[in-house]
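Protein chains: 2
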Amino acid sequence: MTKKKKSSGIIIIGNEILSGKTLETNSNFMCNKLYEVGISCSEINTIKDEEPKIIEKVNLFRKKYDYVFTSGGIGPTHDDITSASIAKAFKRKLVLNQEAKKLLEKHYSDDVLTKARLKMAYFPENAKLIDNPISIAPGFFIENLYVFPGVPRIMQTMFDEIVKSLDEGLRYYKKTISTTLSEGIIGDYIQEIQNKFPSLEIGSYPYFKKNSFGVSLVVKGDDNETVSKATSEILEYISLKNGNPQLY
Amino acid sequence: MTKKKKSSGIIIIGNEILSGKTLETNSNFMCNKLYEVGISCSEINTIKDEEPKIIEKVNLFRKKYDYVFTSGGIGPTHDDITSASIAKAFKRKLVLNQEAKKLLEKHYSDDVLTKARLKMAYFPENAKLIDNPISIAPGFFIENLYVFPGVPRIMQTMFDEIVKSLDEGLRYYKKTISTTLSEGIIGDYIQEIQNKFPSLEIGSYPYFKKNSFGVSLVVKGDDNETVSKATSEILEYISLKNGNPQLY
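Sequences listed follow chains X and D, in order. Here this note's numbering is used: the first sequence runs in plain steps of one and ends on residue 248. Here this note's numbering is used: the second sequence runs in plain steps of one and ends on residue 248.
No lab work stands behind these hints: they were computed from the structure. Since the structure is predicted, the reported quantities are computational estimates derived from the model, not experimental observations. Since no wrong hints were added, every one of them can be taken at face value.
All copies of an identical chain are treated as equivalent in the list; a pair is satisfied when it fits inside any one copy or across any two copies.
Derived pair list, reagent style SDA-like, types lysine to any residue, alpha-carbon separation capped at 20 angstroms:
1. K21 - N32
2. K21 - K220
3. K119 - I190
4. K220 - N15
5. K21 - E183
6. K21 - P152
7. K119 - L96
8. K21 - Y205
In isolation and in its complexed conformation, chain X is listed as follows:
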């Protein structure tokens, strides 16, 4: 039985990324985790903290992909407008969630639950909460849209949990071969192999180490046997060319 591979899109929200101030690593973490469970990420879009932008992208992505993940803009400050913007995208009210309020009251019991902090208990109506074991303020999901904070350590812990609950798509089979031959030398041959095995996706990635350089070839596909067959052929070719092949 073949299961259709699920698709996904990631929306990263934050001016600090577009100004270059912050190196964005959340999408890389998400892509790795999604890849592991056989969900393909089709697109990452980084946008400003601006309501019309968030509404537009959320409504575009949730129709286009099986799953959508956002990161950023659900904290306590004035520029955290993700939750309110998503409420508008879904044409729902932004309401105080009593469960989230209790969690925050407990968390800030030795401090002040300021109005700013209480803001983190407001969600689009009927959103379901995503547990945040680190800083408590929950994320949420509505239909196929999952909303996470931007702080990497917090997002990662929450994402790890959610990804387990997602319906697993089809798993990939994958082999990686490295060689000391350069892309320019094996490019033509790899094109031939790609033509011979059209169902596979063959990627070519140059690497540079301290004392050597070469290429990593990644062979991917739905069928283990086809992946193995193509991999064997490539290994044989590289050996013949004295390209020092290594299989990972």
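For chain X, the structure is supplied; the task is to place chain D on it using the hints.
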């Protein structure tokens, strides 16, 4: 007089980013540089190496923003389809650029200019080349769209140059010289030349080929005559040291 702030969008092309294999840092580098020269980045979009996706995004972004920058997919392998896709986006032919071909012939003079490598001399008709002092294969620009490779070190060097040219006030002249002498050998001499011509900016970029390595020197300045004079002196010195100088 206040100048309206220019807008920009970045398109990152590459399956290896969407699978999580590669942490994408090029957009962060670009955003920082753009921020420094007062160009705002409105959006970053990471997409797959797929022709229809590339065409769609390129045509969307180039209408939407003052400048568009892409990274990835202009190397020698079969999955490097950015140049061909952009040609289609602009409804132009993909043609062999004689200037780029000559550069590559020179660069691969100790190796083979394979069909795969020659692919890097094909560009959309009437595209203007962007110099690549490290691995020689040029980037290009058409109207407001600037196309860079994905390898960070190479992209960064090329981007640094381009970003200066976006400021209308800044015009400069430039020569590139390669040599098989290493940085350690010519470093002191280059320092002397730099001291002798303080108005010039002399950059030094190590390169690695199949059977050799060496340095590309980039000499830049506002005054064409000074650039030429310094370049002549460097060529003469390298010749005396049997450093096999090549002028690009």
